[in-house]
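Here's the letter readout for the chains.
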Amino acid sequence: MFEIVERQEMAQGTVVSNWVKAPKIAAKAKPGQFVILRANEKGERIPLTMAGTDPGKGLINIIYQVVGKSTALFATLKVGDGYLDVIGPLGQPTHLEKVGKVVCVGGGTGVAVLHPITRGLKEIGNHVFAVIGARTKDLLILEDQMRAASHELLVCTDDGSYGHHGFVTDMLKKVLTENKDVGLAVCIGPVPMMKFCCKMTKEFGVKTLVSLNPIMVDGTGMCGCCRVKAGGQMKFACVDGPEFDGHEVDFEELTLRLRSYLELEKVSYDLFKKETHPEGCACECCS
Amino acid sequence: MSEEVKAPEEKAPKREKIPRQKMPEQKAEVRRKNFEEVPFGYTPELAQKEAERCLQCKDPRCKQGCPVEIDIPAFIKFIKEGDFEGAIRKLWEKNSLPAVCGRVCPQEVQCEGLCIIGKKDEPVAVGNLERFAADYQRAHGRDILPPKAEPTGKKVAVVGSGPSGLTVAGDLILKGHEVTIFEALHAPGGVLIYGIPEFRLPKAIVAQECNYLERLGGKIEVSTVVGRSETVDELLAKFDAVYLGVGAGLPIFLKVPGEHYIGVYSANEYLTRSNLMKAYEFPTYDTPIVRGKTVATFGGGNVAMDSARTALRLGADHSYIIYRRSRAELPAREAEIHHAEEEGVEFLLLTNPVRFLGDDATGRLTGVECLRQELGEPDASGRRRPVPIPGSEFQVEIDTAVISIGAGANPLLTKSTPGLALNKWGYIVADPKTGKTMKPRVWAGGDIVTGAATVILAMGAGRLASNSIHDYLTMGW
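Residue numbers (this note's numbering), protein chains in the order written: chain A, 1 to 287; chain B, 288 to 764.
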């Protein structure tokens, strides 16, 4: 068992952060890499890109949004509980290089994945602009950490409840317009966000990295479930990625494939809610 | 031992007269809807009757056909005499996985293919008897283990817990070495656990065979991806020798348009979801799988048969095998083809897919366009080459496709291991007699050396490597 030593809820309980005891993984993991977790014997194998590590204490940090049965099950795990399996580090690490000025854009829980990359880019001497966004102020995560990991942080909310009223692409455009010498953009978040960010950076001719989250099973290149099209080629996100050149990714295909099990996921989640919540429960997930 | 068994010995009857004993099995119309094992196995009576058919040849040819050199007449003799424990002990001398081999080895081209009785009659059912001995031990046997040599103090890392890795581990543990097996997935067994379906090889049996190695003193570390979690060089710092038996492990796609549609699977994914993740028990188990109503499996090997038969059990009304050559060229075992046909798998032969059709709004697969083929001149493999017939395009409505046209070399481990020599396809170069690679203290065998083959060939490679590793550990490189 991989014990959870710290647990924190964010974004009104819709996002959970776990620090998990996994010394071997913590010793090896680099920014951009992911782990596969399984809660119990009947559980799915869920890939999550690590949000941080503490090799000294042998800990890794995962931050996930509760979106279905498996993540809801993860969210029931308390400090002292643990995951049955944690496998990793998997995937290619981010290629951190000094390019001068970079912009890091994160949306939703993508900010969790973006944070160690942002910090890494700053540590090796880049001037880092960071843009983070969420639907509304209460759903924003890691604002302080992102401020510390960058030189300038711009915050957006879709509803205008905090920071700039609008999408992260607006702020990305501002940064790129004001800084013609930005050499790299890293955009991580929901697929539509990454797609629109890439469209914009392409107009400015700025190389862009995205981190993709297709459905996976083994995570070692054995099953091909996570295949994505990049540069017209079939790539496996688990071994070739999860990061790709955003200008090469076929986001439409990725969007479709992410919907593979929509109905079945609902069946599973509904059953879980029925099993774990009393009848007539008024919590957010039941209503 | 029963009276009726003793009787024939006294009379010394003409043994050839006993017909080959059939294993009772589930009826096709029943089993095509469940995941339980197809054959029930021999009863002790049937096993002893079958064992009597063995001529106990002085120079047995069957043994020559066995990649792990089991003393076949000897174990059969024990069964005949009702000493089932003697039979399993004899098997264990050469084989740590008898319950597996009894089920999945292609005996018809190995031991049974060489059986002298097979010249005039049906050969002795060596596979069924091996299976019987292992199953009987599991169900009724005493808690026994084979004898182990004195500890040597040498440590061996085995990477991959498939058939070749388990064989190497079993051999070296018995020879007194300390063995740790590293497995990338969360359960040991490799292809035995993720690939071969429950109805052909129950997972409880695989777990039992792995547990047998642990009871012998072997260690199994699951969820450890060598190449990522730990490198081969790191293992070499802690172990005296390293064996790489990681399997082929790279799915090959058809490379036709539309493979991204929802419902298109590699056989590896389809079978892993169903077998390892138990998606056929969704939603009791959390991993989903598309339960197609009309499923096409592309390819004609054993994995294709497994996929097509899995599709039926997941509720398909039609399960097609789409294969570009004719029935005679199907690479699957005849027994597997036969089982698939009995269960209602439909074969679209001399047919090659050109593109997948789908609904671009939902992303779902709706069909496949195929081209009819005819057989031309033999190709490099000696099989007649399929040639497309121009203008013969036709479409088949399907909602699920399983691509089962073979596997390639997964580069995850090999890329992270400097000093290994690879061939042009990415497989590890290893001495075919010893399994030695170009990297000192590293051996390799099974599919990552030969390309996708069978369980028993991987085990045979493991046997050769374990002999070589033992020689090295006791005498030097």
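Hints listed in this document are in silico derivations from the structure and should not be mistaken for laboratory results. Bear in mind that the values here come from a model prediction, so they are computed numbers and not experimental data. Don't take every hint at face value.
[As the list claims (entries may be wrong)] Here chain B is said to cover these stretches of chain A; the calculated rule only asks that three of the stretch's residues, wherever they fall, bring their Cβ under 8 angstroms from a Cβ of chain B:
hint, region
1, 37-50
2, 78-87
3, 95-102
4, 224-236
5, 264-270
C-beta atoms are modelled at their ideal positions from N, C-alpha and C, and glycine is treated no differently.
So, going through the hints one by one against the coordinates:
1. Coverage of the region 37-50 of chain A by chain B holds [criterion: at least 3 residues with CB-CB distance below 8 angstroms; count 5].
2. With a cut-off of 8 angstroms between beta carbons, the region 78-87 of chain A has 4 residues touching chain B; three or more are needed, and the interface restraint holds.
3. Counting residues of the region 95-102 of chain A whose CB lies closer than 8 angstroms to any CB of chain B gives 0, which falls below the minimum of 3, so the coverage claim is violated.
4. Interface restraint, the region 224-236 of chain A with chain B: holds (5 residues with C-beta to C-beta distance below 8 angstroms; minimum three).
5. Counting residues of the region 264-270 of chain A whose beta-carbon sits less than 8 angstroms from any beta-carbon of chain B gives 4, enough to reach three: the coverage restraint holds.
Hint 3 alone, counting from the list given before, is not met by this structure.
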